[in-house]
Amino acid sequence: MAERPLSPFTRMFGESGYRWMYTNTLSILNRATGVALVFALLGLVVWLIGASFGLNSYQAFLPWFTGVPAKVVISLAVIALWYHFFMGLRHLAWDIGWGFERAAARRSAVLVLLGTAILSALCIVAIFHGSFR
Amino acid sequence: MSLRAPLARALNHGSAHDGVSHWLAERVTALAIAPLTVWLLWSLLSLPDVSYWTVTDWIRRDWNAVLLSLLLLLSSWHSWLGVQMVIEDYIEAFLSKTMLLLLSAFVHALLAASGVYAVLRIALRSAP
Chain A
7 MAERPLSPFT RMFGESGYRW MYTNTLSILN RATGVALVFA LLGLVVWLIG ASFGLNSYQA
67 FLPWFTGVPA KVVISLAVIA LWYHFFMGLR HLAWDIGWGF ERAAARRSAV LVLLGTAILS
127 ALCIVAIFHG SFR
Chain B
119 MSLRAPLARA LNHGSAHDGV SHWLAERVTA LAIAPLTVWL LWSLLSLPDV SYWTVTDWIR
179 RDWNAVLLSL LLLLSSWHSW LGVQMVIEDY IEAFLSKTML LLLSAFVHAL LAASGVYAVL
239 RIALRSAP
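Top line first, the protein sequences correspond to chains A and B. The opening residue of the first sequence carries number 7 in the working numbering; numbering runs sequentially from there. The opening residue of the second sequence carries number 119 in the working numbering; numbering runs sequentially from there.
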């Protein structure tokens, strides 16, 4: 069979695929955090259902939501949330034709990471040292 | 050799012309839930504590139940669209793909309905 160049879609990376760039990893992380946030949504709904059943049911499982392991999981969810949030804003900007050039896209990738780091840090401080009890 | 006319073979294999609706719904829901998410995080993290009375009072106050219901509905919708895309991209076998798509649709419908029901149940309960 003749050796013909394959579409880059058939192989993501390697000889006939795309060249790796940190923006590739950021893009797939947007999907990964999106899928992770389904479970964060599930957690939010479970928490609300617990509260809707009254004082006793809420107090019975509140320790599951305020213990240190829970706070770690919630912090991870918050990081995923801010990441997905900023990547989403970046996508919306691209959709109106803004920042799609290579240099601008690489700059906005750095901004996404910065925004995620700063807002996650603020939220995690609030979760561990604030009123989350 | 096939006896089917070229037109019959081509029918129903082209664009269904609704491809953009999924893409657009994902963007519109994103635009709506972005400020709602910031509002929820800010509100929850600035509560004095997360005890039963604090949380249920907060849900009953002002427009919080409306905003919370909107956030639950729209983020379930957004999540359903996103998970659908992930399943369609990575699962090739027809049966597994169909089963997963159905499961995701039902789970997201359940999430939205039970979340909104819980919020309404708290909000509509007469204050003690």
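Errors might be hidden in some of the hints.
Stated by the list, open to error - Computed, partial: chain A to chain B, Cβ under 8 Å: (1) L54; (2) L61; (3) Y64; (4) F67; (5) V78; (6) G94; (7) L98; (8) I102; (9) E107; (10) G136; (11) S137.
As the list claims (entries may be wrong) - SDA-like mimics (lysine to any residue), calculated; alpha carbons at most 20 Å apart, straight line: (12) K77/A to V168/B; (13) K215/B to K77/A; (14) K77/A to P166/B; (15) K77/A to L158/B; (16) K77/A to L165/B; (17) K77/A to S164/B; (18) K215/B to V41/A; (19) K77/A to S161/B; (20) K77/A to L199/B; (21) K77/A to L163/B; (22) K215/B to R127/B; (23) K77/A to W160/B; (24) K77/A to G137/B; (25) K77/A to T155/B; (26) K77/A to P124/B; (27) K77/A to S169/B; (28) K77/A to L162/B; (29) K77/A to G49/A; (30) K77/A to H140/B; (31) K77/A to L159/B; (32) K215/B to A38/A; (33) K215/B to G49/A; (34) K77/A to T172/B.
Derived from the structure by calculation, the hints contain no laboratory data. Glycine included, C-beta positions come from ideal geometry on N, C-alpha and C.
Structure-inconsistent hints, enumerated in ascending order | The structure breaks hints 4, 5, 8, 9, 13, 20, 22, 24, 26, 30 and 33; every other hint is satisfied.
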